[in-house]
Each structure stands twice: as C-alpha cells, then as structure tokens.
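Novice: Residue numbers (the working numbering), protein chains in the order written: chain H, 1 to 449; chain U, 1 to 449.
It is worth saying that the hints were derived from the structure and are not from the lab. Please note: incorrect hints may appear among the correct ones.
In this list, chains with the same sequence are indistinguishable; a pair is considered to hold if it fits within one copy or across any two.
To be verified - Computed list of lysine-lysine pairs in BS3-like fashion (alpha-carbon distance at most 25 Å, straight line):
#1 K172 x K271
#2 K122 x K2
#3 K222 x K2
#4 K271 x K222
#5 K271 x K122
#6 K2 x K271
#7 K122 x K172
2 protein chains.
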Amino acid sequence: MKNIRVGLLGIGTVGGGTFEVLRRNQDEIRRRAGSGIVITAVADLNVERARSIVGDDVQVVSDARQIIANPDIDVVIELIGGYGIARELVLEAIAAGKHVVTANKALLAVHGTEIFHAAAQKGVIVAYEAAVAGGIPIIKALREGLAANRIDWVAGIINGTTNFILSEMRDKGLSFAEVLTEAQRLGYAEADPTFDIEGVDAAHKITLMSAIAFGIPVQFDKAYVEGITQLHRPDIRYAEQLGYRIKLLGIAKRTAQGIELRVHPSLIPAKRLIASVEGAMNAVVVHGDAVGTTLHYGKGAGAEPTASAVIADLVDIARLQGADAVHQVPALAFQASSLTAASDNLPVLPMDDIVTGYYLRARVADEAGVLATITRILADAGISVDAMLQRESDEVSEFSENAPHKAQTDLIILTHDTREGTLNQALTQIQQLPSVLAPIVRIRKEELN
Amino acid sequence: MKNIRVGLLGIGTVGGGTFEVLRRNQDEIRRRAGSGIVITAVADLNVERARSIVGDDVQVVSDARQIIANPDIDVVIELIGGYGIARELVLEAIAAGKHVVTANKALLAVHGTEIFHAAAQKGVIVAYEAAVAGGIPIIKALREGLAANRIDWVAGIINGTTNFILSEMRDKGLSFAEVLTEAQRLGYAEADPTFDIEGVDAAHKITLMSAIAFGIPVQFDKAYVEGITQLHRPDIRYAEQLGYRIKLLGIAKRTAQGIELRVHPSLIPAKRLIASVEGAMNAVVVHGDAVGTTLHYGKGAGAEPTASAVIADLVDIARLQGADAVHQVPALAFQASSLTAASDNLPVLPMDDIVTGYYLRARVADEAGVLATITRILADAGISVDAMLQRESDEVSEFSENAPHKAQTDLIILTHDTREGTLNQALTQIQQLPSVLAPIVRIRKEELN
C-alpha cells in the first residue's frame, strides 16, 4: 500500500517527538499499519528551527494553509494549541477532505461539537487520543475496549503538574507556593501555570471523556472547575491520618438525575491503586457495569508519550481510511445520530445536585459544647458522619500555616454521601457559629469502588 | 444498518454473561456500534439449560455445526474451550466465512498460527480480547493504542487464581496448600487447578501478548513455565523485608539476542504500582520506547468482565465487517506479511540465556566461613550482589515449614542482573558445599522500571 502522507502543523515539543518517533520506528509502524506513515510537510512560524529538526527531505513552510491546500497530504496533525487559529485550521483541513489528528484538548472541549459535526459531514476522521492523558490509550479504551459497558463513572488524575505538586506537598510537607516554584524550576510547571493549577486543563480532558463515556456532546461550559491553589498542608496530613490521600480528580459520573461533571481536589482511600499514582504520572479509573473497575496508567505528557498517542491515531487512520464513514469508529464513541442532546434526559447537573462524601475541617475555639452544636446541625440536615478527628492546639501548631492560637482546635469530619446543596446549607449555619474561628475547609471525597 | 447476527457456541459462565450483557446494554451497544448485535442462535450440549437462559426467541441446538452452517449467522463466538473440538469448530467457522470471537487462550497459544492464517486467507476476523486478562482491553492497547512503539517488554499478573493465593499467603501467613483449599472453597480456584497454579494459563496469555508485542508467531512450546506450587512462606516474608513482593508474572522481553518468554514467580519492588495488585485482580505493564511504562488493570476473569471483552470484539467486527481485509486490524497486530518468522532474528531464547536479577535463599550450617565461601563462588562467576540478609536459627524457626534445627541459618542474597546459565553453574557449586543443608531456593527478580 502507498504511504500515508502527513502534514504537521506546529513542530514544538510534541511535534518534534512525533517526527522523531515516526522516523525511529518507521519499520515497526509500517509492519503494524500496513503502509508507511511519513511526515512530508511541516508548517511552523519558525521555519529555521523546523528545518533543523526535519532535515532537507521534508517540505517546510511558514503558512499552515499551504499544507491544507496540498492535494498530496492525506492527514493533518494539528499541534498549534489554543482555540483561535487552531480551530480555523482544523475546520479548513476537514473542509479540504483531510483526516485530522490533534492533541488540542482545549479546542475539542470547547468547539468539539462543531468540529466533529463538520468531520462527519465530510466523512473524515478527527482523532484525539493525545488530547487526554498523553500516552495512555484511554480514548481507545473508553470508545472501543469498553464498548460493551454502560459506563457508570470515570475518574482520573489527568494533570501531571498538579499531581506532581500534590505528591511533593505530601512527601516533603511543603506548602503549595513552595512546591509550585520548585516545579517551575524543574520544568514540571509552566511559567504561567494557571490552566494546570486551576483545574482547567483537567476539565478539558474530563469533558472529552464524559462525552465518549455517556454519548453526550462536549459541554465544557457546564463543568465545575476547582484547582489546588487553596489546598493547605494540614488537610493533606489529616487526610493521611484518616486513611486517605488528596488528588486532583476529573470526575464524570452518571446518576439517575443526569451527569456529574467536575474537577476538584478529592480525598480518595489510600488503599486504592490510583492513590499510589505519584509525581507527574496520570491514571484514569473507569467503572463499567459489566467490566467493573479498570485502571489505565502512564505518562500524561512529554514529547514521546504524547507522540505515541498521536501516532496511534495515524495508524488507526491508515487502517481505516479506505473504509467508508459507516465503518469508522465514531469520534465521540457513539454514532453521531445516537448522541444524546444536552437537552435530553442526561443534563449536566449543577453542583448543588451532586452526591458525594465530604471532608470538613473547622478551626474552632477549644471550649465545651462546640462539637455537640456542630454535629447537631449536621444531624438535623440528615448528614451522617463517617469519621471524626480532633486535633488539639499543640498538634495544630505543628501544621498551622498561620500563627497558632492556644485556645484553638481543629475539628475534622468525614461525612457519608450527601447532596452538596444540603451540605452547603448546613455549612452556612456552622460557619456562623461564634466558636468557628476561620472559614471551614471543605474537600470532596470519592470512594472509587 | 442491519443487525449483526451472532451464533454462540457454549453457554456456560462466560456465554451466559455475554448473553446477559448484550441484552441489558443493547441500546447502548447499538448506539456505539451503529448496528444492533444480537445472539440469534446458541449451541450447547445441555439444550435445556441453554433454553432456560436465552428464552424462546433464540434458536437453541445441541450441534454447533448447525450454527456454523447457518447462512444467516455473521459471527461465531467460541466459548467451548480446550484444543480439541474447539479448534475444529473455529476452523470450520472460518471456512464458512464467519468472523470468530473467542476467549480460548489455550487454543490460540497453541494453534494460533494455523487459525490466524486460515482467517487471513478467508478475509475474516478472529478476535480474542477476552483471551487475555478478562475485561482489561490489553489486546487492543498493545495492538492499536501503543502501535507507535517498539515494545521493549510486557509483564503481567494475568492469572487471578494464583494472585489470590499469593495475596492470601502474604496477608495471612498461610501455606500454599492451606490457601489453595480455601480458594477452591470460595470458587477462586477450580477443582483441578493445575493449569492455573502450574503457570500454564499465564503462559498461554503471555504467549499471545508476545506475538502482538513483537510481531512474532505464537510459540507456546518455547515458553518457560513455572508455577507457584513450590513457593514457601519464609521467602514471601524475606522478600517483604527486602522491599519486594512475590507475584506470578508472565514476561515477554525483547533483547538484542531474541525474545525472553517466561512465566514464573518473581520478586518485584513493593513500590511499583503492580506490586499492589491484590486478590484475583489482573494487571499488565507494558514498556514502549516512546510511551515509557503503562499499566492496565482490571478483573481478569468472571462472567461479565469477560463478556465485556467478548462484546468489545463484536463491536469492532460490527464496525469493520464491511471493510476489506486490508483495512482490518491484523489479528497479531502486525500485518500477516510482516510477521517475523520464528527462525528469523527474534528467536525465543532458552532460559540459560535470559538476563535478570535473582533472589537466593540457602539454608546453611551456622558456622564460620560459609558466607565467605558462597560469596567467593558468586564473585568468581562475575555475579554481583545487590543485597544480603541473614536470619539466625531463632528467626528461622518462626518461619520454618520443617522442624527448625538450632545450628541452621538462612542466607538470603539478591543479585544484580546475571545470565541465568552463569547463575546455574554457580548454584551447582554452592549446592555441593557440605555447609549447605537444603536445596537452594532461587526466585527471579524483575525491577520493571
């Protein structure tokens, strides 16, 4: 079979890795794909750098549209990033009848509906394994490997930067700010880390997984997004003492009422395999009604792990490109005609309607009756307590980020599953008690079983 | 699109699970596959039981060949097991132009070359996700998701029965025989557990994974197979003290000399994620040159987890069946014309040529000079010691399975990577020393990093 000719838009870290792996493993890949896969043209604003990477046998241009217009190109890889020019180029490539491979989670989470619709109309493939969890073939697992299942929930550590920061905070007892600086120095966090530490990147990824898990459109605007910037050392320690670890999870869960779609720090039982995922590694847990729990672990970022996913998509396209649209794997796992509209019976739920357990920490005056008052408010709201921990001022001072006060104590409560709206009402009451000296810390808890 | 009509050969545990999941999730599966997937006929020697499971709308016959001969059937699921009649029926189904889905690892590990060749000639698909690691979509991950990679090695806990036994031996300090009895009572081990505990089942599975990882034929006859029946409690304890756990691993590794293909108990560092895989769960670690290390975890057996894999194959077939053979995913991951023959430069190596670390335990007389003599023999053979542990008779007696002898001590040595042939020669020398009182225990050690 003739070679698949690929045009690469943007040759930065991942683009360079993709070029290198395709060249290094070209024989292996040809033996798998049945045809060679060759990058024949590269577009990058920095033509000189691009030329230095790809050598003289590959066309290098500064204008991506020259590649899209080239009738010899079968597949376009978009590695530019962002929502702006990347969206235009992807839509133009589709219009030109090219298959598209992209690692751009932000683009697909926000404009996926438009892009997948355009691709379906044109009968081309838009593949995006690299957009979620780097080298882990989780899109393929959800879309094909677990296709027999009614997926109940997906929960993942899908941002390496924040997992690195949380691992370091726990291991070394450092504050968020201290570890962030260190992570930036080591290259684990970007100069502007906002998308990572505020949970936006994880939200893009869980939005994509929610779509293919449940057959709903991508709805990034409905996702609840909370990062790790407000996490404090004492809570990491208290969680540990209670048998939990704190991880930033992306969660998509199907309930009778609709879909929970949320990113936030979560307590998870230390004995779960995913609790031991440390450093910049990623892992996604999927629970299906037939298969039960599966876990998929690997590197979530980096040049070659991401290239591994980009090239897997190219191999899929090489295998499928002669097949008509009906025989292709649908971009969002479910046939386009079978996607459940946002307005149907699977709405993304407001956060008040989610149900989960909670970790609460109240810094209270060390005086009689406080505990009784707080547990009474919880009981009256129908919130049942799973575990409790009290740490006196001496112990508190060891952890305290502010100057300790002798008459203070930390009260830590784990609740059983509770509707978040109900919890919020109870917390408002508790917060107003004169004995409660600081804003109550509230972290959600996922049992993942 | 019209429904895919499936004939099921053998409706035991997995067959029943497949029927149930296909029925329960029929809407979900149709939305994914683009066409309905319906079991229209079942063959089972026990017609009455089959009828009680599938009801009146499904044809039930006792003769599997009636299903193979039925021109209305698109796909045959073989869940009979074994090498005999199953092989005949699979070959006949292929000859009749049916796609085949099977969970029969034994059949494919032994007769795979013949079967895949027949399928390629006929242009039909033989799919076998359920044959390895139950519900974990590891065949798809290796064959498609990681297609960009030169796979360096695959190592897996791929037999739930033995992992359950090892977990229990460690947790409860019980002997192999005690736990086996308990496992049989709980249904985790079969009445005749030979295939599981002797490593044969794991060897079938790692043989299949070696083929798709490296593009070589299935060569079960070349696999080294060692089970867990000779494992003793003290070694599990000593391994723990050295920071390792003992797991039965299936290992396929590419070296410059060829392929290592082996199943045996292995020490693995306790801090690796796979070391925490407990009970009857399975996990496969894959190392690719681009992606690095990935881990795939889930239930390795049971009616519905296995059904999940069987049905994923059916969905793949539904999506691909209109595509011609060129566009199908090749059964062994590499195009049939690109498989490396057994006689080529990737031979399966004899065990003398594998290179790994070792755990050694010698029960020796507690007298001066023994340690010096043993370490001298190792040093002369060029075998370097990574760690050492000596346990005096008092401690030994705590673990000892036989009556302790006061003048005995246990000497435990971890070696660095060593060629097995070299080690064996040194062990022969050590074993002949008069101070060595019992056969030396030798367990291989895998760092998996």
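Novice: Could you run down the list of hints and mark each one as holding or not?
Specialist: Hints, one by one, checked against the model:
Within a single copy, K172 and K271 get their C-alpha atoms as close as 21 Å, and across copies as close as 18 Å, so both meet the 25 Å cut-off. In this assembly of identical chains, K122 and K2 lie within 25 Å of each other by CA distance both inside one copy and across copies; the values are 23 Å within and 23 Å between. Taking the shortest Cα distances, K222 and K2 never come within 25 Å of each other, neither inside one copy (44 Å) nor across copies (36 Å). In this assembly of identical chains, K271 and K222 lie within 25 Å of each other by CA distance neither inside one copy nor across copies; the values are 32 Å within and 38 Å between.
In this assembly of identical chains, K271 and K122 lie within 25 Å of each other by CA distance neither inside one copy nor across copies; the values are 48 Å within and 49 Å between. In this homomeric assembly, K2 and K271 never come within 25 Å of each other (Cα to Cα): the closest approach is 51 Å inside a single copy and 46 Å across copies. In this homomeric assembly, K122 and K172 never come within 25 Å of each other (Cα to Cα): the closest approach is 53 Å inside a single copy and 61 Å across copies.
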